[in-house]
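Engineer: The listed protein sequences correspond, in order, to chains A and B. Heads up: the first sequence begins at 1 in my numbering, then just goes up one per residue. Heads up: the second sequence begins at 1 in my numbering, then just goes up one per residue.
Source of the hints: derived by calculation from the structure; they are not laboratory data. Idealized CB from N, CA, C, for every residue including glycine. Check before you lean on any hint, since a few could be wrong.
As the list claims (entries may be wrong) - Some but not every residue of chain A turned toward chain B, in silico, with C-beta under 10 Å:
id, residue
1, W48
2, A49
3, I52
4, D56
5, G67
6, T73
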Amino acid sequence: MKALALFLLMFLVLTGAVSEEFQSEQDSTDSGLFQFLVRMARTEIRPWAKPIENVDMEWMLELFESGIITFHTADWYVEKDDPDE
Amino acid sequence: MSNRVQCVLCPHLCTLAPGERGRCSVRLNVDGELVSLVYGRPVAVHVDPVEKKPLFHFLPGIDVFSIATAGCNLRCEFCQNWEISQAAPEDVTPYDLPPEAVVEQAIAYNCEAVAYTYTEPVVYFEYTRDTAKLAKEAGLKNILVTAGYINQGPLTELAEYIDAANIDLKSMSDSYYRNVCGGTLQPVLDTITTLKELGTWVEVTNLIVPTLNDDSGELDELARWILENTGADTPLHFSRFFPMYRLIDLAPTPVSTLQSARERALEIGLHHVYVGNAVTEEGMITTCPECNEVLINRQGYIITENNIENGKCGKCSTPVAGVWHGMEEQ
Ligand code: SF4
Chain A
1 MKALALFLLM FLVLTGAVSE EFQSEQDSTD SGLFQFLVRM ARTEIRPWAK PIENVDMEWM
61 LELFESGIIT FHTADWYVEK DDPDE
Chain B
1 MSNRVQCVLC PHLCTLAPGE RGRCSVRLNV DGELVSLVYG RPVAVHVDPV EKKPLFHFLP
61 GIDVFSIATA GCNLRCEFCQ NWEISQAAPE DVTPYDLPPE AVVEQAIAYN CEAVAYTYTE
121 PVVYFEYTRD TAKLAKEAGL KNILVTAGYI NQGPLTELAE YIDAANIDLK SMSDSYYRNV
181 CGGTLQPVLD TITTLKELGT WVEVTNLIVP TLNDDSGELD ELARWILENT GADTPLHFSR
241 FFPMYRLIDL APTPVSTLQS ARERALEIGL HHVYVGNAVT EEGMITTCPE CNEVLINRQG
301 YIITENNIEN GKCGKCSTPV AGVWHGMEEQ
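Sequences are here, hints too, so could you generate the full structure?
Structural biologist: Spelled out as structure tokens, the structure:
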């Protein structure tokens, strides 16, 4: 599914339907299809980098309670508005 | 509210939905709050000589309390510490060592500095910064050993506490950074120049990997970039590759490649060029750029001779770039 989304997104980029700022959802068009594709492809925007991972939060909580990991508030992040909102 | 967050610590700028963690694997979105999974949880804790970082012009001979957590924002195929750098925090058993304990232990082990090293201190930013702040208050020095893949804001915040840094400049090719390391070149160059401008003592390491980044033209370009951007006195360490992680089929770097890269970098105009991870006679010696007198001789990480007096050549009194016992940085 993600590969299909990427393919379609690339098609849009190649046909000029999307600005080169497509990484920033705020700059994107209003197209619902576009938003869907961006969301689907979001983790693949840097295909050469390590992937963003979805984790099992229940397991994370267990690890936190056992002291293996911490939930120490990080600095240097910003809240991101949902592109649909 | 989507509760999505964007981490702006490093150039990856990961946008994370709740339950997602960044490319470094140690920063997680928990219900709209970004948390560090590794604060006070190092997986490697050692006392090393400062020469091992490597730093050859920073308080030679001192012992350094060295820590690392799991995680890295790059994925270098040759990583020499991949068991911990490419691991998720839950994959490696950590110590419970909050910043205060690091400083206490460093003092207990007679270390003069704390090093944030082995993996990537950028990704355990809050732990690095808080520990460095306490260490500085306790009169210890702080050393950053990093690939330099960090944004300028956090770098500037961290630099306030960092006395010396060894930055791994892996190549002058952006495609090498992307394809072999999972990063990009420019932010690393920016880190080197920014730290230099902010007054941190900077040394640069380049790991020469056969067939991937051993082109003599590219190695010369790297030496030239250092000369033009941080000056002739910036020490450069050419380091030998050994088969590791995803590059186990490559042979180790021939010593002759390291030696000729060193000789050419000296010809280009750098004053201090070293060879690491290999036994070479000249590659471990610091000489006076003015009179060529041997200033520091090393056998492995042991100093066998030191002719620097108050930061100057013991023979001709030319100041030697670096941070030396008994004097301020040149
Ligand atoms: S530090 Fe980690 S979470 Fe933050 S942008 Fe870099 S890889 Fe992503």
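Engineer: State for each hint whether it applies.
Structural biologist: Here is how each hint holds up against the structure:
{"no.": "1", "hint": "W48", "result": "holds, 4 Å"}
{"no.": "2", "hint": "A49", "result": "holds, 4 Å"}
{"no.": "3", "hint": "I52", "result": "holds, 6 Å"}
{"no.": "4", "hint": "D56", "result": "holds, 8 Å"}
{"no.": "5", "hint": "G67", "result": "holds, 7 Å"}
{"no.": "6", "hint": "T73", "result": "holds, 6 Å"}
Hint compliance for this structure: every hint is met.
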